[in-house]
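Those protein sequences? They're chains F and E, same order as listed. Taken in order, the first sequence gives residues 1 to 225; the numbers are from our numbering. Taken in order, the second sequence gives residues 1001 to 1252; the numbers are from our numbering.
Incorrect hints may have been included.
Said to hold, decoys possible - With a straight-line cut-off of 25 angstroms between C-alpha atoms, the simulated DMTMM-like cross-links for lysine to aspartate or glutamate are:
#1 K221/F / D1104/E
#2 K218/F / D1139/E
#3 K221/F / D1136/E
#4 K218/F / D1104/E
#5 K1137/E / E220/F
#6 K1112/E / E1124/E
#7 K120/F / D1104/E
#8 K1189/E / E1126/E
#9 K1112/E / E124/F
#10 K221/F / D1139/E
What the hints contain is simulated information worked out from the structure, not anything from laboratory work.
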Amino acid sequence: MRDLGIKVLFQGINFFRLLEGLWVTVKISLISVVLSALLGIVLGMIMTIQNPVIKAVTKIYLEFIRIMPQLVLLFLVYFGITKAFGIHLSGELSAVIVFTLWGTAEMADLVRGALTSIAKSQYEAALSIGLTMKQTYFYIIIPQAMRRLLPQAINLVTRMIKTTSLIVLIGVVEVVKVGQQIIDANRLTAPSAALWIYGLIFFMYFIVCYPISILSRKLEKLWSS
Amino acid sequence: MKEKQKEVVLQIKNLKKSYGDLRVLNNISLDVHKGEVVVIVGPSGCGKSTLLRCINGLEDIQGGTILLKDEIISGRDKNMHLIRQRIGMVFQSYDLFPHMTILDNVILGPIKAQRREKKEVIKEAERLLERVGLLDKRDSYPRQLSGGQKQRVAIVRALCMHPEIMLFDEVTAALDPEMVREVLDVMLKLAREDTTMVIVTHEMQFARAVADRIIFIDKGEIAEENTPDEFFINPKTDRARQFLNLFEFDTE
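If we strip away everything but chain F, and leave its shape as in the complex, we get:
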């Protein structure tokens, strides 16, 4: 029995298809993460401005994205926008939109928190040695802010990668879906294949997420010297 199960992994192009599925997951995650990081940093900096309108608008945006389950957001974008505006969005595009909106909100909050945690006296000390405001941000504030938000930013990245598994439900064929298809196809011949397939998928997620944690740990060490 067990023998049959593991064999499924090596049959035909099963493994290759799983890798393809993994690539879809990684691609969507990567694009969303990069966009979220860039937009999140900009938005985070904007959020530190003491303007009641900015504060209100960003607060609404943040709360909305956080309260909504990601799945609902996915349905909203994939099905809702199509119905409302008549535009057809692919599952992958919808996924990128939703994850970017989510990631940007979380990242902006992290950036804002990191920036406001840096004492005003650091700005003053930098200005007092004749640095311009731009130089102050570049050499003093941003390096410190990055060190402060790194652990939570990495945590956000891994959470985003794992949550992408939801896109199965808007029809994107990513790694979990491929796994299900393989298991279904071999339901009669290798019933225990599920164990091996999901085991492999778990391993694949691990391979993707673990190096990111290692990288983060290395950076933390490098920066704290």
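Dock chain E against the given chain F, drawing on the hints supplied.
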């Protein structure tokens, strides 16, 4: 006693500063000459720190002018950073940059703001660190240093910019007593080398030893201006007398 014919480095004329409706500094006028050490004393909240911060452009002023070597530096919108390069300021909370080594802390300003050559700056930074006895800490990080050491580094960081005047804002107030001395010694050395200094402090014996002139500020105004000996032994005004009594203890 420094002669009045010496070049005037800093001129404050009729300075007025308010926070909203609260007038914090009222008509302050003061000249600081080259090589002079002016010590500002006064009760808490009298505006001494605010005065230094106004000179350095960290606070805006509501009236009056400040001139650095005959150039108006108050009320500037642009290029204040160029002026700040000529004014060295040391804060009570040292504010070293925690993500940089001691050496990097010191050389950042000269290299990035003044665009001096790195090799030359490093040499000078090391020389200054050696003078305050901290050369062996050049590759350490601020968190590895004691308060007194950090403050000495902060002084070196300001000195490395070759400022025309040094401002010290209660730099020993946050230090443990054992560490106060090492910082004051550095400041005494600077004073003896004819550095132009404006010092705000509560350390009265130090003020007496280092000052060429004592400025006593009370409730936002200069209440008395005197030589250190005169001020401490025979203050002219009642307010000064009351203030100095705070530092006397009866052994009854």
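Right, here's what the structure says about each hint:
Our distance criterion of 25 angstroms between C-alpha atoms is met by K221/F and D1104/E, whose separation comes to about 19 angstroms. For the suggested pair K218/F and D1139/E, the alpha carbons sit about 20 angstroms apart, so the restraint of at most 25 angstroms is met. Distance check on the hinted pair: K221/F and D1136/E sit about 23 angstroms apart at the alpha-carbon level, within 25 angstroms; holds. Proposed proximity of K218/F and D1104/E is supported: the alpha carbons are some 22 angstroms apart, at most 25 angstroms.
With a C-alpha separation of about 22 angstroms, the suggested pair K1137/E and E220/F falls inside the 25 angstroms cut-off, and the hint holds. Simply put, K1112/E and E1124/E have alpha-carbon atoms about 15 angstroms apart, close enough for the 25 angstroms limit, and the pair holds. Restraint check: the Cα-Cα separation between K120/F and D1104/E comes to about 20 angstroms, which is no more than 25 angstroms; the hinted pair holds. Note on K1189/E and E1126/E: the hinted pairing holds, with a Cα-Cα distance of about 17 angstroms set against a maximum of 25 angstroms.
Under the criterion of a C-alpha separation no larger than 25 angstroms, the hint pairing K1112/E with E124/F is consistent with the structure, at around 16 angstroms. Restraint check for K221/F and D1139/E: the C-alpha separation of about 16 angstroms stays at or below 25 angstroms, so the hint holds.
In this structure, none of the earlier numbered hints is contradicted; all agree with it.
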